[in-house]
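If you're matching them up, the sequences are chains V and G in order.
Residues in the first sequence are numbered consecutively from 1, following my numbering.
Residues in the second sequence are numbered consecutively from 1, following my numbering.
Don't read these hints as lab results, they were simulated from the structure.
A few of these clues could be false.
Claimed, not checked - Think about it this way: if two alpha-carbon atoms lie no more than 16 Å apart in a straight line, the pair counts; the simulated EDC-like pairs of lysine to aspartate or glutamate are:
| # | chain 1 | residue 1 | chain 2 | residue 2 |
| --- | --- | --- | --- | --- |
| 1 | V | K65 | G | D24 |
| 2 | G | K61 | V | E28 |
| 3 | G | K43 | V | E55 |
| 4 | V | K65 | V | D78 |
| 5 | G | K189 | G | D164 |
| 6 | G | K189 | G | E205 |
Stated by the list, open to error - What follows is a set of in silico ranges between Cβ atoms, one per label pair, in the way DEER data are often shown:
| # | chain 1 | residue 1 | chain 2 | residue 2 | range |
| --- | --- | --- | --- | --- | --- |
| 7 | G | K27 | V | H74 | 17 to 27 Å |
| 8 | V | K32 | G | P240 | 27 to 37 Å |
| 9 | G | G129 | V | K61 | 29 to 39 Å |
| 10 | G | G144 | V | N64 | 53 to 63 Å |
| 11 | G | E185 | V | T71 | 43 to 53 Å |
| 12 | G | S188 | V | R69 | 19 to 29 Å |
| 13 | V | K54 | G | H226 | 27 to 37 Å |
Fair warning: this is a prediction, and the values are worked out from it, not measured in the lab.
Backbone N, C-alpha and C fix where the C-beta goes; we use that ideal spot for every residue, glycine too.
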Amino acid sequence: MTMTNALNRILVLALVLAGGAAAEDMPEDAKKAIATFETKKRDIDAKAAAAAAKEREGLVKELNKAVERETKAHHSADALAIKDYLEQLQKTTVGAKKE
Amino acid sequence: MRIFLLILLILLAGAVCRASDLPDDVKTSISLSDDKQHEIAAKAAADVAKERAALIQNLTKIVEREDKAKHDAAAAEVKKYLQTLGVDASKPAPTAKVNPPWADFIKTVGASSQGTKPGVGVIQIAGKGMKTAKGLNVVAMADGGIVLEKSYCTQTDFLNFIGDIDQLPAGAYVVMVLKEGVDKEISSKARKCFKDCGGRRGALELEAECGYILIGAKGMGAGAGHEQVSKPKEMISFPPPSEAGKK
Numbered sequence: 001m002t003m004t005n006a007l008n009r010i011l012v013l014a015l016v017l018a019g020g021a022a023a024e025d026m027p028e029d030a031k032k033a034i035a036t037f038e039t040k041k042r043d044i045d046a047k048a049a050a051a052a053a054k055e056r057e058g059l060v061k062e063l064n065k066a067v068e069r070e071t072k073a074h075h076s077a078d079a080l081a082i083k084d085y086l087e088q089l090q091k092t093t094v095g096a097k098k099e
Numbered sequence: 001m002r003i004f005l006l007i008l009l010i011l012l013a014g015a016v017c018r019a020s021d022l023p024d025d026v027k028t029s030i031s032l033s034d035d036k037q038h039e040i041a042a043k044a045a046a047d048v049a050k051e052r053a054a055l056i057q058n059l060t061k062i063v064e065r066e067d068k069a070k071h072d073a074a075a076a077e078v079k080k081y082l083q084t085l086g087v088d089a090s091k092p093a094p095t096a097k098v099n100p101p102w103a104d105f106i107k108t109v110g111a112s113s114q115g116t117k118p119g120v121g122v123i124q125i126a127g128k129g130m131k132t133a134k135g136l137n138v139v140a141m142a143d144g145g146i147v148l149e150k151s152y153c154t155q156t157d158f159l160n161f162i163g164d165i166d167q168l169p170a171g172a173y174v175v176m177v178l179k180e181g182v183d184k185e186i187s188s189k190a191r192k193c194f195k196d197c198g199g200r201r202g203a204l205e206l207e208a209e210c211g212y213i214l215i216g217a218k219g220m221g222a223g224a225g226h227e228q229v230s231k232p233k234e235m236i237s238f239p240p241p242s243e244a245g246k247k
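So here's chain V without its partners, still in its complex pose:
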């Protein structure tokens, strides 16, 4: 091992240790508080997303029933309008999922 290689290795090691030390400077209780907040935020977001999806599912079911009802009653314009709305809803749901 040449002298230059050895110096390079020492330099890299020093840099790695310095980086680690900076992250380690955060007090443990602060780390814990941040982690707890991130977890709670994720939980809140997930819960809200699930509730919104459930709400949307309920609406879709309700609208599908309305389509059946209007079709049976030969109200084709109404049935078509609801189907259009459902299609739009489906598109926005797929779009939102992709995002």
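Guided by the hints, dock chain G onto chain V, whose structure is given.
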């Protein structure tokens, strides 16, 4: 050419009719579902804001502790994180007797309004929910504390409203949220109060079932505050649901 235009017109008319052809019960279901979606988003935003406010409080205490213990590196790391939350920990924390800077205050405010019956009226400041009722709900903060937390609905209430707003010290922060609506025939003097607090339109000449939010300060100047007016039956929130989760 004329025939082509006629066909196009018929097709366009068909599309418009279809959109407005939704049966009334379906329209109601859609509207109710929209309201619920807004409610879910507003609740999530308020919950996150509450957690965020608690975290800021916690980390600010940790910074103070580390500063006292001369653990500069540790304090700097926590301050760095606080900055990502929009808090500048290098500045002294506001004392209990001083209002926080406007930019900091507005970040701690959560509000929702809907003018339907039953309506929605939510005011949160620094994660704390304020009491609201039917009518115009007003919360004011001066010298770092809540100095006004009232609902105004009737003509008599609004006479008190004028007096209450007049008595606020210049610079007091004000949050107003309309729930369900207020009586008609409110004194025109009350309208001036909205402008005194940074509003432009005010909540007294809105269409029925509109929501209203104003976040401003006494003496801020008409239109300088944050004012939101919803369409009838629509629920509005501050911060808007799309921004509520952002750091």
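Flag every earlier hint the structure violates by its number, smallest first. 12
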